[in-house]
Structures are given as structure tokens and as C-alpha cells.
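> Letter by letter, the chains look like this.
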Amino acid sequence: MSAVTHGWHRLSSGNPLVEFVDACLRGPAQVMFQNNPLTGLIILVAIAWGAVESGQPRIFGGAVLGLVVGTATAIVLQVDRTSLRQGMFGFSPLLTGIAVPTFLDQRPLMWLYLVLGAIATTVLTLALNAVFKTWGLTAFTFPFVLTTWVLLLAAYQFDKFTVLTNAKPMLPGEAALPGGSFDWDLVPIFLRGVSQVYLVNSWVSGLLMVIALLINSRWSALFALVGSVGATLLALWFGAAGDSLDKGLYGFNAVLTAIAVGAVMHRPGVLVTVYTVFGIALTLFVQMGLATVLTPLAIPVLTGPFNIATWLLLLPRRHFAPVPNHERVKETIVSTVKRTV
Amino acid sequence: MSAVTHGWHRLSSGNPLVEFVDACLRGPAQVMFQNNPLTGLIILVAIAWGAVESGQPRIFGGAVLGLVVGTATAIVLQVDRTSLRQGMFGFSPLLTGIAVPTFLDQRPLMWLYLVLGAIATTVLTLALNAVFKTWGLTAFTFPFVLTTWVLLLAAYQFDKFTVLTNAKPMLPGEAALPGGSFDWDLVPIFLRGVSQVYLVNSWVSGLLMVIALLINSRWSALFALVGSVGATLLALWFGAAGDSLDKGLYGFNAVLTAIAVGAVMHRPGVLVTVYTVFGIALTLFVQMGLATVLTPLAIPVLTGPFNIATWLLLLPRRHFAPVPNHERVKETIVSTVKRTV
Amino acid sequence: MSAVTHGWHRLSSGNPLVEFVDACLRGPAQVMFQNNPLTGLIILVAIAWGAVESGQPRIFGGAVLGLVVGTATAIVLQVDRTSLRQGMFGFSPLLTGIAVPTFLDQRPLMWLYLVLGAIATTVLTLALNAVFKTWGLTAFTFPFVLTTWVLLLAAYQFDKFTVLTNAKPMLPGEAALPGGSFDWDLVPIFLRGVSQVYLVNSWVSGLLMVIALLINSRWSALFALVGSVGATLLALWFGAAGDSLDKGLYGFNAVLTAIAVGAVMHRPGVLVTVYTVFGIALTLFVQMGLATVLTPLAIPVLTGPFNIATWLLLLPRRHFAPVPNHERVKETIVSTVKRTV
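Chains as they are written, first to last, in my numbering: chain B, 1 to 341; chain Y, 342 to 682; chain L, 683 to 1023.
Honestly, I wouldn't trust all of these hints.
To be verified - Covered by chain B, per the in silico footprint, the following chain Y stretches (three or more residues, Cβ under 8 angstroms):
id, region
1, 451-465
2, 633-640
Claimed, not checked - Below are the SDA-like pairs computed for lysine to any residue, each with C-alpha atoms no more than 20 angstroms apart in a straight line:
id, chain 1, residue 1, chain 2, residue 2
3, B, Lys133, Y, Phe473
4, B, Lys168, Y, Met511
5, B, Lys247, B, Asp185
Simulated from the structure, these hints should not be mistaken for laboratory data. Here the structure is a predicted model, which is why all the values come from computation and not from measurement. Beta carbons are placed, not taken as given, at the ideal position from N, Cα and C, and that holds for glycine.
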């Protein structure tokens, strides 16, 4: 494997096109804080599998288009080269590119919407990173969240767009919590909790994504599963809606929080694991609270809860004991903060 | 009195348990910017009185549990010792501990909810103080507000929790403004305006709290009453809902703003008093506006309006004439900002 | 013309009253980033024309009162003299003074509301500039937006105030998008897009405002029209509501974004123009999204979308190629940031 990586590394430096492809491949991996083109490639395959399985191959097209347009926009805007090469400007537009064909009906104008959204996601990545730099943080996937919320909310005002979410705008508590479809087959649910990070509802895709994590970081793969299992079981205990439980929708935000707090931003350890378990609960509560706030607007929470919870968990870090894992931090966060913004 | 204080001070330094009790006692006082364990003790008695009077003694249990869990969490997270001893990590979890049994129905799981909420309140205190430090501010009671909002909003999504607020989610303007129960007995209303700072609806408790303030700072006691009287009369003039008026619900946010702006952050004086009176009106408007925003979600404003209005009033301070009262500022705010965060 | 300007300049320096009038006259011009009392005077005439044309002369009275009270409040609060003289503390209170009589029914108490609102707008200008300084930005017209939102939202809770907006609180998607009244007479619509910056629905006023811009900066006049034309045509293409289109309501936020991004903050050029066109689209989407969010509260977006979009467009500026136009920047933004706050 290391020979392959080494060969790819030699191939990619110097050749602009291969460099661009390399940066694009790292994008899908950086959603889960991994800086590895092979991890990204496997995740792309997992997204393609989910798109085909659900009968909507255009979603995979949207993913690739978003990734390419977002990364290209970053080049036009002359962002920091190191961050660009690490995939730091691909991961949020990738998600926007998945979300637009998932939530809007298919018509030619949808693709213009998607391209505008991918450009906006890159502009917002630069803008929000400049803000969060103040507190030693980055914007994570929030540029994707904000862009997609604005696109879906704006679509209400335009005759030419129809939002496809199942939800209708209503007041909180109007709809009874549905509980029907849940059947206690927990392992696929835990894996769908991972695949929903990329808006994919497929345990096969989730399994591929865990493998993609394993290739780059065993701790990340472990904490991804801890996040999905923990949040799903807690939601089950408190009596959350069964159909969302079944689709893994209570897991994906906690997956990202657990990787960030438990495996990437701190050196894994006992105290950090306790803090991460608390963080999983915090993420679930923020997700449920945000779901209530968004009920009258009928838009999904996306990965907003992960962003909010992880910012809150990282902000007090000076008081928190764990020795930071300098190598990883250098690779992912510090470089973004110091060089990109 | 000073002999008692002196003796307590000698007793509390050195003995970890007594230090912990001392820090916990200062918590209730710090809600109203007072650094005095006796003030805190009297306020605890006032909260107990209100809980018993309303037939809900569990609310007092929640208050003590929140205070202890929040302060203990701060110790585990190794916060700044000086701030901890001043009660800076007890006041927001205390309020969360009061809010949870007030707004959620009684069942064993409620207590888990409360403990998680108290821990989260301390984490948020550290996180938000890190953010507000940028502008020389602290988070005040906003960690309590945010935590309680999230807990109540999340409860909508869980079968195992029922929110007890009288309000139902509705669109603004759907319900007629009720005006019935108001009977012009103003003095108890002004005192309930003070007790509502701690979610207590009792003029006896309010009177005890004013006495608790008097012990530590006459200016604070005076401005607390000015805030309650001013905001209540303004709400009455503009035709606000009579039943909320009767419970003192238009007073409590202005009580906190008036203490902060009029007595603690600036040296009391004529210009400062004029600015404080404007601040009382600003707080009432922010409270009414926020109440409209939260109508579709049916959650209470809590002390959110005080936080927002006081941040806005303190941010331009460089342009504002009054000589700051260095002693008080050093005691309360600067120490939090510089040392805690 | 320059002789007149020079004479006025000599007259205004030294005489406090003439200085005050000069600062007030620059206020209306600074809404559109112009530092010129004659531009401001023509805009005041355009506002008066709109008020009389719509049969509501009190709106012009509100505009003047807001401008004077806001500027006077800034003097009392001892703000930076240079910024004050440039009209930096008049432009937001002017807009609050127009909004209050536009959206609230006429009764004596409305004028108290307006005066309190103008004072609050100046306090918020200082407060929000202190926050935005962190990122090299200013608060633009957001103090007006926030103050007016709070006043309108608070009015729901008071018997003594009635909000006059046509909208009723409803869930998004409840009302069909109306399309009736649009008649393809585009030039007046483009001009109303400019006049709506000041909440005026009149193409004559819009024409006067374009002339007022031309006197001070041809680029600003050009980009104002580009913003109005671009956003209106895009809204038309996507199928936005016809009656709002007719009133110029999709143009005014983009007018301000286009002046700021295309003519004032960067030296006009090809790359900047491309970025500005993207900015016009971004502003329209943010406006449509915000309109959906505010539907349950039935309050207007005002110039909120311009503020949000322009902050997002300016934040990444280090990565963006254009050479800044130092002279203009010195005149308008830097001075506010460095000296005022």
C-alpha cells in the first residue's frame, strides 16, 4: 500500500491536472477529517453505490460536479495552495452537490442551482474560516449547511423549484411522533448512521465508509462507530421517532463529533473518551432541538448539530487536560487555520 | 457581620470541602453579580420558599443539584481557581437546575436530563466566555438560557418527556392578548419581578432577594427595584398581557440589566442612570420581540433578553462617559474574562 | 459645483450648527456609501417625494426625526468626531425613522416608539461596529434592521400598537405565490429597485437617487443600476412573486451589495465585476431564504440580505485579487473601523 501511495504522491506533484484530481479525491475524506486520496476514492464509490441503490444516479453526478466546481472556485480565488491540496476546499461543495439533487426535483435549472451553490459554498468556506479563526476554530461543514439551507428556503419563493423533503411546514408537536417501522435490526442502522454523513441511506455504503476510515486511521473508524451506536441507542432510550431511527438519522452528526473530539483534535485516551461520550449526547440534544426549530420551515438539520456541538466542545480546550495529538492537528486543523484563512 | 464574614473566610480557605461549599453559596449571588456567600444563602432560602409555596419542593432539589453538579464539573475541567471560588461556575447551572423541574414533568429520567443539562451549562460557560472575551464581555447567564432552550426543544422529539409550559406552539397574533387577572396591586408585582430572576413567582421570595442584595450592595438593591418598577410600568402603559404582568414576568430581565449597567459595570451616577433607564426600555423591547419569535416554538424567553440587551449596552462603552468602578469590575467581570477563559 | 462645495465646506467647519446640519445631510448619502451632503440632500428630496406621492407625508417627518435624533444621540455618547461628520451615525437612524411610520399605524405613541428606536439604532451602531471590527468590517445598515425587527416583533405583544404590513403570520408555502400584477414595464421597476433602499415605492424617487449617486460617483450609480437590473431579472427568470417584482422589492438589497462590492470596496474592474454579479445572485438567494424564515413572523427582510451577503463577500478578501481603491476605502470604511469604534 505504501508503495502505491508513494507512487501516487510522485505522480501528483508537478502535474497540475493530477494535482487537481488528488485535491478532489481528498475532499470526500476531509468531511471526516482524513487527509488521504484513497480514503476519498472509496467514499466516492460508497456515494455512487447509495445513489444507484436508491435509483437516483444523478445524485452521484451532483456530488462530482459540486466537488469539481467548488475546488475550481477555490483555485480562481487564489486560496492557500497547501490547504487546497489537502482537500480543504472540496468537502463542503461535495456535500452541497449531493444535497441539491437529493432535495430538489429534477429539471435542467436544478444544475444551475447546484453550480451556484458549489461556488457559494467555497466563498462561505473562506468567509466563515476568517470568522472562526478568531477562536482557533474552522468552519467545518457549516458552509455546506448554510448554503443548502438558503437554497432550500429560497426555493419556496420561486415557482421554478419544488422541494422534495417529505416534511411539510408545521408547528412543533402538530405531527405525532411516528414509531412504526423500527425493527430492532441494529447493525445496519449503525452503518446507515455513518453513510448518512453523506446523505446516503445504505448500510453497504456505511460499511465501505468505515473501511475507508480504517485505511487511514483506526481511531477514526472506531470513534465513528462509537458515535453512531451511542447516539442511536440514546435516541432509542428517550423514545425518538422510529422511522428516522431506522434510516440512521440520529447517528450521523454524532459520528462526526466523535471522530473530531475523540480521535482527531485530542490524543485518544480515557478522559478524552469520557468527554467524547458527553459530546455524543450533546450532539443528539442539539440535533433534536434544531429539528424542532426547523419544523415550521420544513428543512433538514443536515450536519448543523455536529458543527455547533463540536465548536462548543472545542472552545474550552485550554481547561481540558488531554495532550493534543500534534501530528494530526498539524495535518488537519492548524494548517487550515494558519495557512488557509 | 464583618466578624462572621471574616471567620467564614478563615474557615473556608484551606479546607477543600468548605471551599467547595463557599463556591456553591456564591453561585446564587453571582446571578445578580454579587460575590458574597451570605447573599447566596439567603437567595437559596428564597428559592426554597418559592418551591414550597408553589407545592413543588423538587424545584429546590433541582436548584441544589444543578449548583453542585455544575460547580463539580468545573473542577473536573480544571477551570481557573479564583473564578471558581467566586461562584462563577455555579450561577448558570443553578438556573438550569431550577428550569428543568419547572418546565418538564416529574419522572426519574427528568433527573438525568437535569444532570446532563448542568454539565452542559458548565461546558457552555467555558465555551461562550472564550467567544465573548474577544469583546471584553462574558457570557452572563446565556449558557443557562441556551442549555434550557435546547433541552425543552429536544423534549418535543422524545416520547419520554413532556413540556409543562402553559403555551402551545402557535403563530404570533393567533392568541388574543389576555388582560383579565391584573388587579393593580403593584408592590407585590414589583417584588415578583425580582423573584422571577430565579423563576420563582412569590413576592416573599422577591423581598428576601432584595434583602440579600442589600447586605452586599445598596446600589444593586436599588437598581434591582428600579429595573422591576420601570419595565413593569412601561409594559403596563403599552398594554402588555395582564396575567404575565401580574406574575412579574416583564420585570426580571430588566432587574438584571439595571443591576449590571447601573450599579456594577459603571460607577453609579446621573449619566449612568439615564443610560440605565434607556437600558430598561431596551430590555423590555428585546424581551417582547423575543417572545414573538419564540411563540411558534412555545419556549420561554428566560433571561435571554437581559443577556442580549446588556451586551449591546456594554459594547460601546469606550464612547460612554462614566468612570468605571474599578473595584467592582475587578471583582466580577475582569477576573472572569482574564483568568477564567 | 466645486465652488459651491468649497463654500459649504468653509461655512460648515467651525460653526457647530452648520456642522450638525452637514453631518445630518451626509447621513442619507452614507446608506449607499457616499460621503457628500448634496447627494444626501437630493436623496432627502426623493424620500419626501415618495412620502407625498403615497399620501403619507408623516413618513418624511419620521425620516428627518430619526436622522436628527440618531445623530444627536451619537454626540451625547461622544463618538469619534470624524465619523460623525461623515454622516456615519445618521444613515441607520434615518432608515429606522422611515420604517416606523411605514409599518406602524399612526397614533401619538408611534412617535415615542420612533424616538426610542432612533436612539437604540445609534447605540447598536456602536455596539455592532465593535463586534465587526474584529474582522475588519462594519455593521452597515444592520443596526437599523435589528432595531426595526425588534420594534415590529415587540408591537405584537402590546395592545397599543398595530403592525401595518400586509402580511399575516403563516407557515411557508401556505400562500400561493401571486403573479398577477406584473406588466413587463421594466424600467420603472429597475428604478423602484433603487428607491426601495429607502423603503420608497416610486420610480421618480429612484431616478432622483441615481442622479444623487451620479453627482458623487459614476461607478456607484452604474453598479446601483446593475444590482437592480440583475436581481430583478434573475427573480423574474426563477418565477418569483409578480407583485413584489413590480414594486422593485427584489432589487434594493442587490443595489447596495453591488455598490459596496463593485464600486466602493474594490477598484472597479473585470474580476471585481464578475464577483459582483455572483454577489447579486447571492444577495437574491439570501433575501428569498430570509423571506421564508420570516414568513411565520410576518416581518419584512428590510436590508438584512444586503448586510449578510456583503459581509460574506468581503470576509475572504485577502484571497481575492483586486487592488483596493485606497482613497475610497479611506473615506468610508477604514475611517469607521479605525476611528469610530
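> Each hint: holds or not?
Here's how the hints hold up against the structure:
1. Counting residues of the region 451-465 of chain Y whose C-beta lies closer than 8 angstroms to any C-beta of chain B gives 5; at least three are required, and the coverage claim holds.
2. With a threshold of 8 angstroms between beta carbons, the proposed coverage of the region 633-640 of chain Y by chain B holds, since 3 of its residues qualify and at least three are required.
3. For a cut-off of 20 angstroms, the pair hint linking Lys133 (chain B) to Phe473 (chain Y) stands: about 14 angstroms separates their Cα positions.
4. Our distance criterion of 20 angstroms between C-alpha atoms is met by Lys168 (chain B) and Met511 (chain Y), whose separation comes to about 16 angstroms.
5. Between Lys247 (chain B) and Asp185 (chain B) the CA atoms are separated by roughly 11 angstroms; this keeps the pair inside 20 angstroms, and the hint holds.
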